[in-house]
Amino acid sequence: MRATLIFRDGARFAGRLMGAPKVVAGEVVFNTSMTGYQEILTDPSYSGQLVVLTYPLIGNYGTLAEASESLFLWAEALIAHRISPTPSHSGDPWTVERYLEAYAKPGLVEVDTRALTRYLRQQGTQIAAVVPDGTPEAVWRQQLAEVDLKASVYRVTTRQPFSVPGNGPRTVVVDYGAKNSIVKSLVDRGLQVTVVPAVTTPRALDAIKPHGVVLSNGPGNPADVPELLPLVRHVLDRYPTFGICLGHQLIGLAEGGTTYALKFGHHGANHPLRDENTGRVLITAQNHGYAVDPKTLLDRYRVRLVHLHDGTVEGLQHLKRPILSVQHHPEAGPGPLDSVYLFDQFLEWVQEEAAHAEA
Amino acid sequence: MPKRKDIQKVLVIGSGPIVIGQAAEFDYAGSQACRALKEEGARVVLVNSNPATIMTDLSVADTVYIEPMTVSFLAYVLGKERPDGIIPTLGGQLGLNLAAELARTGILTDLGIEILGTPLSAIEQAEDREAFRRLMVHLNHPIPGSQSVTAVEQGLAFAAQAGYPLILRPAYTLGGSGGGFVANDREMLERLPRALALSPIGQVLIEESIAGWKEIEYEVIRDGRGNAISVCNMENVDPVGVHTGDSIVVAPSQTLSNQEYQKLRTVSLQIIDSLRVQGGCNVQLALNRDGDYRVIEVNPRVSRSSALASKATGYPIARIAAKIAIGLSLDEIPNPVTEKTTAAFEPALDYTVVKIPRWPFDKFPDADRELGTQMKATGEVMAIDRTFTGALQKAVRSLEIKQPSLFGAVPAQLSDNEVRQRAIKPTDDRLFYLAEYLRRGGEVGELEQATRIDAWFLHEIARIAAMDSALERDPQSWRENLRALKEEGFADDRIAALAGVEPDQVAAARRKTDVEPAYKMVDTCAGEFPARTPYFYSTYDREDEALALGGERVIVLGSGPIRIGQGIEFDAASVYALKALRARKLQAIMINSNPETVSTDFNESDRLYFEPLTLEDVLNVVAKERPIGVMVQFGGQTAINLAAGLDRHGVKILGTSLAGLTAAEDRRSFDAVLERHQLRRPPGMTATTVGDAKRAAAAIGFPVLVRPSFVLGGRAMRIVDDGDQLEQYLDQLIEIGPDQPLLVDRYLNGLELEVDAVSDGERILIPAVMEHVERAGVHSGDSLAVLPPRRASPALIDEVVRYTETLCRALEVRGLINVQFVAVGESLYVIEANPRSSRTVPFLIKATGIPLVDLAIEAALSGRLPDRYGYGLASPPKHVAVKMPVFSFAKLGKVDAALGPEMKSTGEAMGLDTDVAGALYKALLAGGFRLRAGGKVLATIADADKEEAIPLLRALEAMGYALYATEGTLARLSLAGVPATPVHRIGVRHPDIIDLIGQGTFDLVVDTITRGGRQESEGFLIRRTTVERGIMCLTSLDTLRAAVTALAGRHQKSVAVRSLNEWLNVDVVH
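Chains as they are written, first to last, in the working numbering: chain A, 1 to 359; chain B, 1 to 1070.
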């Protein structure tokens, strides 16, 4: 079955439809990572987005149980050049087509994804719909018009708190759309983790008696969810805090800063940063369309990590208190692990806090 | 960390002559590095003995030394130039070894010269197996269980404990020389002594076999501040067991999950961080299906793989490494592709790259074609596409092995079982058997079990195999499936063959239905940022992004993969051509498929199309670019072979017209030209049947020289003494017929002379006449050549000039021509004339300073050869230049080291001095000839040569060398009063001649051959043992005479170490 990606400005990219034969609309973003398609598809930050993968051969190693970043395929659609019908890997992988079918998401393949990427680079992030050929125009026009990403966080956050048992210091992950890799990075460091919904009362959070809090990644525009800021402020005042991606942006807003949209965002596994603490370049995984403007924060925070391509803020560290927030993904998943040591800094704070609490 | 102020002058060590395992990739790396260093304001001194390189051009480095790559010559140069630092990591293994020796001897410390870039300690830690093992244990990275041994007993002891199969890896050798699998004690006893001997430090690592694991490489780069990135990862389609240089390789990896990819990336970066590498580094890893991995080896220098990675990604590793060496850090170096970002990022690819090696087995049918840990390929091709299958099929047709497709290469009558057997055993052509086996319905799962090639690759091949056979079953379906077929890389030729139409009909149908290639850019960032790289590949996808170039455009066709007979010399000429075109404000467009070379550096042209050199692919680019014409005279036979097709499609050939090219190539018309102008050639005839050939030989009279027409480097060329030998030759010859005529010529035993000239059809310039040391019968590419001539009389030289001028006018040459002559007495005969660039053009440019290619471009474009260098024969230089062929016999089992009419050399070295003896001495030294004072020389001389050999051997003995000889030779020497030690012939009594050679008793072996060269003969075994032991074997008395002259001269006069600038009176410009 043929289908077309139709943009609001009328631009069209044709392809073959696989997975669920339905119209889906959302923000179109491209990701340049050459591996990790499954991690990308299951990353809740992609909720509301149609993901274009620039690497032309997708699905070569199929989908693997251990590669999911969440329990659901969150991207609204996958747009690719080719998807392998015959993946090969140990562990009896599924094809990506079967994976899309299982989660009832459409895939648009045989697309000139490079042309599409060049279009997005020039036009910036745009809204579009994947439209199976033969769909009445009114249907897809309506869906295009109705795209609303404001509530994205609430779609992806956990309904109930849950814990990963352990004996170490207690950490809370506020789930705006957290990736498994974040939780795993904490658990791997011996921490006991409780994941709580985005909407959690300060009192409920305090009741867990955390030694540290992680504000997770998540979808959408941070400026759309001011109602989440009180909890963020509560956390910042009381606990060692590690913000990642949306969590980082919320810290920026909670502290009185502003955020702004990037033209086409950073989505890939090859983004260079400098850690000003060490002067070293880090290659990092990134997935964000907004950035924090640090101007009004610099009396309390210093810019610790800077993006080498465009100078955007990639990490802020509080001048006095144990607060670190990063725009990129130190947990990788998918991508390089160059900055995973930032979790160790958080771990140190959490351990100190735990020791202090015990004393 | 800004550029270091204390580094003002840098010496770059090149990699010397081309041998298997150390080839054109180092010219690419070196020339890029020299330019990068100059950009940063450093003065660059370059040493390389290989004249066929771009790096030795005076426009690349400030000062160039074409001197032997030995510690002593480098010491002279260092003492003279006093650079602040040297960069050893650009000259391959040779460069590293030299730098290590220079450091060990204390020369660098004495002269206050610093090793720049990756420190020597890192190199030693990576190269010394034991030190490397300790580091890996320390880092907790698993390596194959192993032990370094220096004696055979230790090897057997380890085997007893670890069990077979095991792998031998000699320390510090090129391309894994002497390495390989051993399956039992017998093989261990057979191979380990040789491996120990081939290691310059007598050390071999014996290792657990991880054959069948995935072989993965990471090209990583680290700066002095510790920033490290991975430029590219690559996956070998052939699993561990086949040398990566002999493997089909894809970039990026195709079958690795993100987790696996990142794990191996992290390991690679940790390793270079621990080694404190400052520059590029190659890390080879093995990955098992269960996720287990092993670190195989680390090469802390630029390499063939780094050249491939640079071309595959657009990220210029050598250039960045050079800047790191003088103190810059990655985030201070601008990214030359995007111009906005820095070198501190990792390229993202949005295409797939396939590399296939090119092997020399077409020239060496007797060679062992099984692939293993010993690299055998002479070159490689690369192809880019947005499908793996598209890239794979493009790479196949880039190989120039007459295969337009992955399919159709295997005879249909071969049984399924035979096909399966050959699909499993790794050889040069196994890819075609894999394809055929899958085409016949072979099971992927079963094939994966047997080959350990990942099923993903096999499925991909199986998928297009099904398309191929479907088209065969239903030829009419080609039109409706055209786009799908093209997306999977099917050539028009293949579609036409299956559909039963002409290739042009397929092309026409494509144009009509808009199934045309789109050209996409290699931009390092998958389209994320605007880029200006003039580097494109074709793909059957929707958007063409190659914008029209302004101005007048000229396409230069490159020479494809490096092979014996068509080496780096043609790439150098192509690069000179691009430069000359750009100097004339024309848009110079390059088409080539060779990832190793300078011509495919996208900085060398206004636009680079990385495409196969086939008519279809070239015509597509022509249609896209609409050039004023195409230059076919620089890309060797590859480009010449395309001339007729291009002409037929109305494409303008710039330079000598197709008529001129054909007149020179077609035997009958060439004879007519010669006859018309009363130029002599050895009597000869053309035969199109076996009977014809026999009659021709009888009419001409033995000995005759036989060869198929239209071939490279004298493939299948033989001197035949009698009817029996002719019969034998014709039996083996597959190709004879009206399209494949056989040339039968009288073999004239005389003095060979050669010229390269440039002409506009009227005016002619001959920069020099080259005289071959070996008499006719040794292929010109395998001969020592001396310039200016020393034996030819002035009258003979005049004849050479007259012949050349006559030919230039008769063939209306516009550009270059190479003419080979044989002189018997004072009579001159033309052997052949090729109106194109030749193997000797770069050598001549270096020897005379005359920019031959630039003049050729001028003549081709304007129709008028400028008189800047006068006309006729240029006055000879005051110095003497010698070209020395270099061979890779040790790498190619079962190939006879004897010289003959079929070319066998893989590279060349040059010697320059004030006299013949000095130049010969340097050339021999540069070519690997080593004879220490009092060294031992073994002579085993054919009866026919004995008389001639005596004075030469006497001279050697008089110079203090110790002679050893076999029975007959010894008798003849005694009779002449020359003392020699007897050596037993094979099997007479041990130790016999083979034992002694194997033990490394001799420093030089002289073994002249009786023609007919049957493999089982004693001589063959002597020569093979000699070359495998890494000892030079001279098989022609002419070469021996040159060596005697050189050695005698050395005793009388010191050599002159001068820069090329000094020899050519060119000022060093800063």
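Treat each hint with caution, since some may be false.
Unchecked claim - If you only want the chain B side, here are some residues facing chain A, beta carbon under 10 Å, derived: (1) T105; (2) N233; (3) P336; (4) T338.
No wet-lab data here; the hints were simulated from the structure.
Small disclaimer: the values here were computed from a predicted structure and weren't measured.
No residue lacks a Cβ here, since even glycine has one placed at the ideal position from N, Cα and C.
We went through each hint and held it up to the structure:
1. With a cut of 10 Å, the hint placing B:T105 at the interface with chain A is violated, because the nearest CB-to-CB distance is about 37 Å.
2. Interface hint status for B:N233: upheld, as the beta-carbon distance to the closest one in chain A is roughly 9 Å, under 10 Å.
3. With a cut of 10 Å, the hint placing B:P336 at the interface with chain A is violated, because the nearest CB-to-CB distance is about 15 Å.
4. Because the beta carbon of B:T338 sits about 9 Å from the nearest beta carbon in chain A, less than 10 Å, this interface hint is met.
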